[in-house]
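**Student:** Chains S and A, in that order, give the protein sequences.
Sequential numbering of the first sequence, starting at 6, is according to my numbering.
Sequential numbering of the second sequence, starting at 15, is according to my numbering.
No lab work stands behind these hints: they were computed from the structure.
Since this is a predicted model, take the numbers as computed values, not measurements.
Ideal Cβ positions, reconstructed from N, Cα and C, are used throughout, including at glycine.
It cannot be assumed that every hint is accurate.
Calculated cross-link-like contacts (lysine to any residue; reagent style SDA-like; alpha-carbon spacing at most 25 Å) [as the list claims (entries may be wrong)]:
1. 37/S / 54/A
2. 37/S / 96/A
3. 37/S / 62/A
4. 37/S / 77/A
5. 37/S / 147/A
6. 37/S / 110/A
7. 37/S / 135/A
8. 37/S / 187/S
9. 37/S / 146/A
10. 37/S / 27/A
11. 37/S / 99/A
12. 37/S / 101/A
13. 37/S / 56/A
14. 37/S / 40/A
15. 37/S / 59/A
16. 37/S / 75/A
17. 37/S / 97/A
18. 37/S / 112/A
If you want the footprint, here are the derived chain S segments under chain A, 3+ residues with CB under 8 Å [as the list claims (entries may be wrong)]:
19. 28 to 37
20. 46 to 56
21. 70 to 83
22. 114 to 128
Here's a subset of chain A near chain S, in silico, CB distances under 10 Å, partners left out [to be verified]:
23. 52
24. 96
25. 99
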Amino acid sequence: MGGCAATGPAVGTFPGCPVPVLLSRVNRVGRKEPAPSHDAGLYAHFAARATWEKNAHSWQTDRYAYTRETVDAETNRVIEERDIYTVVTHVITGERRTAPNRLTWFVHDLVPANADVRASDIQLDELRVTTDFTVVGLPANNTAQPEGQQGPNNGPGDTFHAEANGSLQTIVQVRGHKVWVTP
Amino acid sequence: MLAAPALSGCVMHLHASTNIVAQDAAVPVSLSETVRDADGNLVLPDRQQVVGVYDETFHAYNIPWGIIPLHPTTDISDSVNEAVAAVHGDAITELTVVADQCWTRGLAFFWFLPIVPSCAAYEVRGRIIRVGQAAPPASATVER
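Could you put together the complete structure from these sequences and hints?
**Tutor:** Written out as structure tokens, the structure reads:
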């Protein structure tokens with residue numbers, strides 16, 4: 006599935022976020038140990054998720070063209086018959102993702118004022134990334150046998166129709182809390 | 015690749031997940047554009063000198079049927095410390111995660127076998143920065 010083979014974009018980002026969003030315990034440049042900080046309280050926690058999903062719907066129609074016969078040169082007998090098809094493949098892809106700054110909104114709720122920005126950090130408790138890849142094949146009504154099978158089972162107008170849906174989904178789940186930093 | 019499952023009308027599914035941590039990183043690792051200096055002041059981009067790029071790919075495997083993660087936690091601390099030390103950086107900012115499938119995608123057709131692993135590749139990227147001196151405040155006096 007070509008549409009789902011592409012690398013997904015980064016979904017766990019905090020563009021335009023005014024305060025540090027820390028995955029490390031070390032919270033100051035130049036310090037080996039974390040500088041003192043204290044939890045901003047029960048209501049200063051957040052949990053959010055950002056998702057990216059790419060879908061592809063693909064269908065392929067094999068239409069019978071002719072039967073190729075292999076004839077023995079000595080006996081002039083037909084030793085093999087193989088149906089030849091014209092193959093048409095269609096793919097429709099779509100992409101859906103949450104807004105790039107979705108996670109930043111949650112931080113803005115916790116640090117609404119300049120005073121908050123000056124004196125608080127976001128400490129992440131979890132950065133979980135989940136990836137799901139799914140392909141579902143849909144059986145369809147066919148009037149021909151699949152290409153490659155030996156004939157002469159098929160005739161003019163016979164078609165083989167294959168259809169499938171695929172998706173690649175990435176979810177980033179983030180849990181964090183606001184801490185007051187000590188100058 | 016869609017043709018194979020479509021021929022049989024079947025379902026293929028791979029699932030993988032991991033929790034990324036950097037608890038033992040020796041420098042601040044931030045998903046935003048800022049960190050704090052030793053005095054607790056925000057280091058805005060004008061004081062940041064980008065001295066390198068942190069870019070590592072980790073793999074997370076789940077079995078069976080993607081239920082049990084073999085790597086429930088991916089600790090990037092060691093690789094962060096190495097990358098930052100190599101360029102004498104002070105911190106990492108704008109850390110992002112980019113997900114992709116990995117080689118087990120080719121096994122997706124056999125997903126029903128419990129020994130077939132699900133796998134995802136997670137590329138973790140960030141900017142390695144060095145913090146410069148704070149810009150002196152603009153002069154308040156105007157020469158006439």
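**Student:** Each hint: holds or not?
**Tutor:** Now for the hints, and whether the structure bears them out:
no.: 1; hint: 37/S / 54/A; verdict: holds, 14 Å
no.: 2; hint: 37/S / 96/A; verdict: holds, 15 Å
no.: 3; hint: 37/S / 62/A; verdict: holds, 19 Å
no.: 4; hint: 37/S / 77/A; verdict: violated, 38 Å
no.: 5; hint: 37/S / 147/A; verdict: holds, 20 Å
no.: 6; hint: 37/S / 110/A; verdict: holds, 23 Å
no.: 7; hint: 37/S / 135/A; verdict: violated, 31 Å
no.: 8; hint: 37/S / 187/S; verdict: holds, 16 Å
no.: 9; hint: 37/S / 146/A; verdict: holds, 18 Å
no.: 10; hint: 37/S / 27/A; verdict: violated, 44 Å
no.: 11; hint: 37/S / 99/A; verdict: holds, 13 Å
no.: 12; hint: 37/S / 101/A; verdict: holds, 17 Å
no.: 13; hint: 37/S / 56/A; verdict: holds, 18 Å
no.: 14; hint: 37/S / 40/A; verdict: holds, 6 Å
no.: 15; hint: 37/S / 59/A; verdict: holds, 22 Å
no.: 16; hint: 37/S / 75/A; verdict: violated, 33 Å
no.: 17; hint: 37/S / 97/A; verdict: holds, 16 Å
no.: 18; hint: 37/S / 112/A; verdict: violated, 29 Å
no.: 19; hint: 28 to 37; verdict: holds (count 10)
no.: 20; hint: 46 to 56; verdict: violated (count 0)
no.: 21; hint: 70 to 83; verdict: violated (count 0)
no.: 22; hint: 114 to 128; verdict: holds (count 4)
no.: 23; hint: 52; verdict: holds, 4 Å
no.: 24; hint: 96; verdict: violated, 15 Å
no.: 25; hint: 99; verdict: violated, 13 Å
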